[in-house]
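Student: So the chains spell out like this:
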Amino acid sequence: MSICVANISKSYKNVKALQDISFNVKVGELFGIIGPDGAGKTTLFRILTTLLFADNGRATVSGWDVVSDYKNIRKSVGYMPGRFSLYQDLTVEENLQFFATIFGTTIEENYDLIKDIYVQIEPFKDRRAGKLSGGMKQKLALCCALIHKPKVLFLDEPTTGVDPVSRKEFWEMLKRLQQKNITILVSTPYMDEAALCDRIALIQDGKILEIDTPEAIVKHYPKPIYNVSANNMYKLINSLNAYQYIHSVYPFGEFVHYTDKRAEFNAVELKLYLESKNLSNIRIEKTVATIEDTFMELAK
Amino acid sequence: MSIHNVIQVEGLTKKFGDFTAVNAISFKVEKGEIFGFLGANGAGKTTAMKMLIGISIPSSGKATVAGFDVFTHAESIKKSIGYMSQKFALYDDLTVKENITFFGGIYGLSRKRIRQKSAVLIEELGLEKVANKLVGALPLGWKQKLSFSVSMIHDPKIVFLDEPTGGVDPITRRQFWEMIYKAANQGITVFVTTHYMDEAEYCDRVSIMVNGKIEALDTPKKLKEQFKVANMNDVFLKLARG
Ligand SMILES: Nc1ncnc2c1ncn2[C@@H]1O[C@H](COP(=O)(O)OP(=O)(O)OP(=O)(O)O)[C@@H](O)[C@H]1O
Ligand SMILES: [Mg+2]
Numbered sequence: 001m002s003i004c005v006a007n008i009s010k011s012y013k014n015v016k017a018l019q020d021i022s023f024n025v026k027v028g029e030l031f032g033i034i035g036p037d038g039a040g041k042t043t044l045f046r047i048l049t050t051l052l053f054a055d056n057g058r059a060t061v062s063g064w065d066v067v068s069d070y071k072n073i074r075k076s077v078g079y080m081p082g083r084f085s086l087y088q089d090l091t092v093e094e095n096l097q098f099f100a101t102i103f104g105t106t107i108e109e110n111y112d113l114i115k116d117i118y119v120q121i122e123p124f125k126d127r128r129a130g131k132l133s134g135g136m137k138q139k140l141a142l143c144c145a146l147i148h149k150p151k152v153l154f155l156d157e158p159t160t161g162v163d164p165v166s167r168k169e170f171w172e173m174l175k176r177l178q179q180k181n182i183t184i185l186v187s188t189p190y191m192d193e194a195a196l197c198d199r200i201a202l203i204q205d206g207k208i209l210e211i212d213t214p215e216a217i218v219k220h221y222p223k224p225i226y227n228v229s230a231n232n233m234y235k236l237i238n239s240l241n242a243y244q245y246i247h248s249v250y251p252f253g254e255f256v257h258y259t260d261k262r263a264e265f266n267a268v269e270l271k272l273y274l275e276s277k278n279l280s281n282i283r284i285e286k287t288v289a290t291i292e293d294t295f296m297e298l299a300k
Numbered sequence: 001m002s003i004h005n006v007i008q009v010e011g012l013t014k015k016f017g018d019f020t021a022v023n024a025i026s027f028k029v030e031k032g033e034i035f036g037f038l039g040a041n042g043a044g045k046t047t048a049m050k051m052l053i054g055i056s057i058p059s060s061g062k063a064t065v066a067g068f069d070v071f072t073h074a075e076s077i078k079k080s081i082g083y084m085s086q087k088f089a090l091y092d093d094l095t096v097k098e099n100i101t102f103f104g105g106i107y108g109l110s111r112k113r114i115r116q117k118s119a120v121l122i123e124e125l126g127l128e129k130v131a132n133k134l135v136g137a138l139p140l141g142w143k144q145k146l147s148f149s150v151s152m153i154h155d156p157k158i159v160f161l162d163e164p165t166g167g168v169d170p171i172t173r174r175q176f177w178e179m180i181y182k183a184a185n186q187g188i189t190v191f192v193t194t195h196y197m198d199e200a201e202y203c204d205r206v207s208i209m210v211n212g213k214i215e216a217l218d219t220p221k222k223l224k225e226q227f228k229v230a231n232m233n234d235v236f237l238k239l240a241r242g
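As given, the protein sequences belong to chains A and B, one line each in that order. Residue 1 is where the first sequence starts when you use full-length UniProt numbering, and the numbers rise one by one after that. Residue 1 is where the second sequence starts when you use full-length UniProt numbering, and the numbers rise one by one after that.
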């Protein structure tokens, strides 16, 4: 096992940030921690990277105990905190240089690890980090976390603020790091990214709701789900919310996802109802649940 | 100028030294429109937005916002618009109520008006229980919703939202968009950037910036037709790497 977490709990003054959390991550596994803001994700990352003590429970990373062997852990893991701490007044290259030096390595030695991401910010390597765009900073922070070739990589919302193309490239890169037997623990608010993990843990209010492969988690979705569209999205959402048989309605791009309270859903009846609300071009089609649907249903 | 165009931009450019961050962009935004301002990291969105809200002087070009010229009437623009920045939104070390009072004051609202607004806002957002808590202790999504309301405390004609839902969880993100719809429905123009492509679908029109230039601008439906793809994510993937 690369990461073992056993019965970890942590409270701040009157908030239970983590309650009896347990899970294991295998070597080379890409494991996702998925949960809403304030669910306890960052607390978990900080405990595993030895920056914070748990109140109860035990955890090991690469076989080392997070309390007694913290020095070994710090040397061998990479951590990209959600609110990262780049040196704003150092240039792009100087930041990277700095992180390489404190881990006793050089940019050249592990360049192949960061290349795919770094080439995108390399044209600006003499620019101060403070003057980069939001997403460019995020990419630099990732390079800094990777430059010493860690055995385990902790990424706390690494792609927040990163554009769709770069996100795709970023995940392709994570898959390549995995091939090199690097274990990755990653949290993300993007549900399409959750689907790319080997396994995910859904967490909420400091508790794990479910741990499984993304495919299995989606299969557990309890209800048939329908794509509904009409000529006016805002009116459509308001009308569905006022419908007597509604269980849930969530916008999903050009459609909304609708679920019904009843066991037997009647599409014709819904269409008539929406027409009575002066909506037109109404389409109702069955669709399949995504991780995002599952997540929202669990968090409801 | 047509009275319906609340934003008019022509050849707007911003240079930093010899680097051109925004390269001669032109577009118009109508009253009550939800305008999605998309682009890859570093494409120039935030830089362009800063010129439109009157806090950064353009290198060249023309722009009027709410009928005021960005070169000569930046102060008037600031009073007629709301702005939610990509990074800073509220003071973490002030309570919810204190933040509302503070920003109400900045926009010159009377004490009475601030008290009224404060009560309405807190109720609408369901923040009664945390009204006297520090904003820093709130989940990100709540902060963003509060921040949006605060940016509209002076009833502006236009709001500029720079990645308001970045990092926000799926449910809160959708609640945020309901607030955007509601504002647009009341005639407020919404100018918004996002990296969530499902959110691009919720915009009336969308522009996509690549390396400082606007490379596409249309309704989501037309853009999908133009690029012969099924969703906005694929439109973006086709364009963004230039
Ligand atoms: N003050 C400055 N000095 C020099 N370069 C700058 C300055 N401000 C921004 N830039 C550069 O201008 C370009 C555009 O940056 P901007 O912040 O507008 O991008 P963006 O589209 O908002 O990106 P993101 O999606 O990552 O937020 C980037 O290359 C950035 O580094
Ligand atoms: Mg930006």
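Some hints here could point you the wrong way.
[Stated by the list, open to error] Under 10 Å between C-beta atoms, here's a sample of chain B residues computed to sit facing chain A:
(1) Ser60
(2) Pro139
(3) Val168
(4) Glu199
Simulated from the structure, these hints should not be mistaken for laboratory data. In this text, a Cβ means the ideal position worked out from N, Cα and C, and glycines have one as well.
Student: Please go over all the hints and tell whether each is borne out by the structure.
Tutor: Evaluated hints:
Restraint check, Ser60/B versus chain A: the minimum CB separation of about 21 Å is more than 10 Å; hint violated. Among the interface hints, the one on Pro139/B holds; its C-beta lies about 4 Å from the nearest C-beta in chain A, closer than the 10 Å criterion. Restraint check, Val168/B versus chain A: the minimum CB separation of about 7 Å is within 10 Å; hint holds. With a cut of 10 Å, the hint placing Glu199/B at the interface with chain A holds, because the nearest CB-to-CB distance is about 8 Å.
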